[in-house]
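Line by line, the protein sequences are chains A and B.
All residue numbers for the first sequence refer to our numbering, where the first residue is 1213 and numbers rise by one.
All residue numbers for the second sequence refer to our numbering, where the first residue is 1213 and numbers rise by one.
Hints listed in this document are in silico derivations from the structure and should not be mistaken for laboratory results.
Some hints here could point you the wrong way.
As the list makes no split between identical chains, a pair holds if one copy fits it or if it spans any two.
[Claimed, not checked] Straight-line Cα separation of at most 30 Å, DSSO-like style, residue types lysine-lysine; simulated pairs:
hint : residue 1 : residue 2
1    : 1273      : 1216
2    : 1478      : 1350
3    : 1552      : 1273
4    : 1370      : 1410
5    : 1478      : 1247
6    : 1350      : 1391
7    : 1257      : 1350
8    : 1551      : 1351
9    : 1257      : 1370
10   : 1350      : 1410
11   : 1258      : 1501
No experiment lies behind these values; they were computed from the predicted model shown.
There are 2 protein chains.
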Amino acid sequence: MKKKRATITDIARELNISPSTVSRALHDHPAINVKTKKAVVALAKKLNYHPNLQALNLLRKRTNTIGVIVPEITSYFFSAVINGIQHLFNPLGYNVIIAQSNESFAEECQIIDTLMAIQVDGFLISPSFQTTRYDKLKKIVDSHIPLVIFDRDCAGIKVDKVFVDEYQGAFQAVDYLAKSGCRRIAHIAGPASLSTSKHRLRGYLDALRENNMDINEDFIISCKGFLPEHGIKPVRRLLNFPEIPDGIFAFNDGVAIGAMSVIKDKGIRIPEDISVIGFDDDPHSSYFKPSLTTVMQPTYELGLLSARILNNRINEESPSALRLETLFPELLVRGSSRKK
Amino acid sequence: MKKKRATITDIARELNISPSTVSRALHDHPAINVKTKKAVVALAKKLNYHPNLQALNLLRKRTNTIGVIVPEITSYFFSAVINGIQHLFNPLGYNVIIAQSNESFAEECQIIDTLMAIQVDGFLISPSFQTTRYDKLKKIVDSHIPLVIFDRDCAGIKVDKVFVDEYQGAFQAVDYLAKSGCRRIAHIAGPASLSTSKHRLRGYLDALRENNMDINEDFIISCKGFLPEHGIKPVRRLLNFPEIPDGIFAFNDGVAIGAMSVIKDKGIRIPEDISVIGFDDDPHSSYFKPSLTTVMQPTYELGLLSARILNNRINEESPSALRLETLFPELLVRGSSRKK
DNA sequence: CTGTTAGCGCTTTCAG
DNA sequence: CTGAAAGCGCTAACAG
């Protein structure tokens, strides 16, 4: 029962002119009679004409669609990155399709296939933490579809990449803990396969060394996810040691919050007995008691810059050098850590 | 420099047969020689053939694209709803385009125009809280494009709708406060234009009446947003009254958390002096001290059901009756409220 | 200034 | 069982 949309041919027929003339009239073509042009434009408005983008895309061999693959969107981090991405692409008339891998390698592969089938003009991907084989990503590269990898690295894939300097962020956090008097600093690390986990771990280790502190393997415990619940087990283990830590650098705010909860329940004081620092600056973090000291990542800028690079790549005439961009995080000192 | 994708004509040429035969072979057409079919399928695989969906869509006059418009995606509520939506549509091969109005009427209108221009097959919309004129939505209806409105109502628009029973949720919460001994229950209400605000307010008022409690207009204060920061001012005003409330029902978890923060800073005890209840069950809420009592909404189901209804509408042969579905919320009693 | 033609990739009659 | 032709909506030569 759908009323058919007016086409260029409808207008042409009604005005007894050819479709191409209509097309020209609608596009401010230089060679066109002002009168016919006016007539066409008027009728187009009257019929509520809108060009059929499908037809255009078919003609131009592009889809005007960008495929974004993120592990999930319910976390603040990725939803904020998406804001940055949409902020660039929406005004440009691109359709941004957002897909979630749910941290599953299989789902990620599946999504890539689907998005390649619909022929997206470009990809923006932050891989799942299961992703250690990069065949699918290589397939994208081999198909000459522009791809920008952001936040999480895939070593060996030669594409544009945008990251946050995780190492710096972690170093700052742990260095701060050390300088504020912590002597036994633990780390609740992220999943080992993740590039971000590795860099934060390195930052942690280097900050300890820099401050002439011993490294205690027992004090490095991985979490299995990024929510408060995933911080519970690791912190319980830490609190069971005869000598418990007096500082904890958590992989992100989520697990930091889970950890704080357990610590407080045990009657241990934050930050007097244990300082806690997270990563991400989730909007909730400053409302906990004490408010969580954290490493703020420029999420919006991360999305925006990745999008901008992809857009350049899509529209460039001749191939330019690959880009590797790094954004800088910032330590936000709040109540969960002692003063230096 | 992009290598062209193989088309049906490429296959036809290589095999010296016609494109139509190739098409048939690829679609298990009954009238087709087994041999040619095998040859075609083999070559298709070899050339890594994928049908051009643009061409198909042009032919079928559909786009396989669903437009989802939400106020924002950084809140847990809407991102969880989106999960439900994608869970239905992705396996069906639809492209789900997610757009954010940022609670702006102008942006919402703009997005609708864009999505209509790309001819989405259907809309899933939760309007901004500024949206009080429904011309654009009517335009969608008039264009016979299926539309499902969810979570936030637009009275007067005749389309499929899926809501949560906000009234029930609010009533339960406030009734619980009353039964647990609160005598001066305040409400931090949502923006007045929002249907959900109105229903929660009604639930609040009715629960007070039901419990024979006076209604104090001073104790109903609207917030200007949904984040913790938006709970600060309202709760400050409440705490400045000579007789402060002993129970607060907040529009959502965000403002409840902001409110709790102020209350604790003043040295007022939760729940002994003031009980606090939120709405939404944000994943962080149970990690605050005390953990936040809240009204859990079936977010995922909300998205899933809305999507299912839209999908039915898109694919139905003949128009069926409009649907109005209501899902039920559940009060989760935690530490921020006293025992009954 | 305007019409004709061809074609983007695919399916679907209609003839063989 | 297979091919030719038409057409989805649009644009871009190429002629006038």
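Going through the hints against the structure:
1. In this assembly of identical chains, residue 1273 and residue 1216 lie within 30 Å of each other by CA distance both inside one copy and across copies; the values are 25 Å within and 10 Å between.
2. Taking the shortest Cα distances, residue 1478 and residue 1350 never come within 30 Å of each other, neither inside one copy (49 Å) nor across copies (57 Å).
3. When the C-alpha separation of residue 1552 and residue 1273 is checked against a cutoff of 30 Å, the pair qualifies neither within a copy, at 59 Å, nor between copies, at 66 Å.
4. For the identical chains of this complex, residue 1370 and residue 1410 are intra-copy neighbours only, at 20 Å inside a copy versus 54 Å across copies, given an alpha-carbon limit of 30 Å.
5. In the homo-oligomer, the alpha carbons of residue 1478 and residue 1247 never lie at most 30 Å apart, since the shortest distance is 83 Å inside one protomer and 74 Å across protomers.
6. For the identical chains of this complex, residue 1350 and residue 1391 are neighbours neither inside a copy (44 Å) nor across copies (62 Å), given an alpha-carbon limit of 30 Å.
7. Only between protomers do residue 1257 and residue 1350 lie at most 30 Å apart by alpha-carbon distance; the minimum there is 18 Å, versus 46 Å within a single protomer.
8. Proximity of residue 1551 and residue 1351 under a CA criterion of 30 Å is satisfied in neither setting, with 51 Å inside one chain copy and 59 Å between copies.
9. Taking CA atoms no more than 30 Å apart as the test, residue 1257 paired with residue 1370 passes between copies only; the shortest distance there is 27 Å, against 48 Å inside one copy.
10. Within a single copy, residue 1350 and residue 1410 get their C-alpha atoms as close as 23 Å, which meets the 30 Å cut-off; across copies the closest is 53 Å, which misses it.
11. In this assembly of identical chains, the alpha carbons of residue 1258 and residue 1501 never lie at most 30 Å apart, being 61 Å within a copy and 61 Å across copies at closest.
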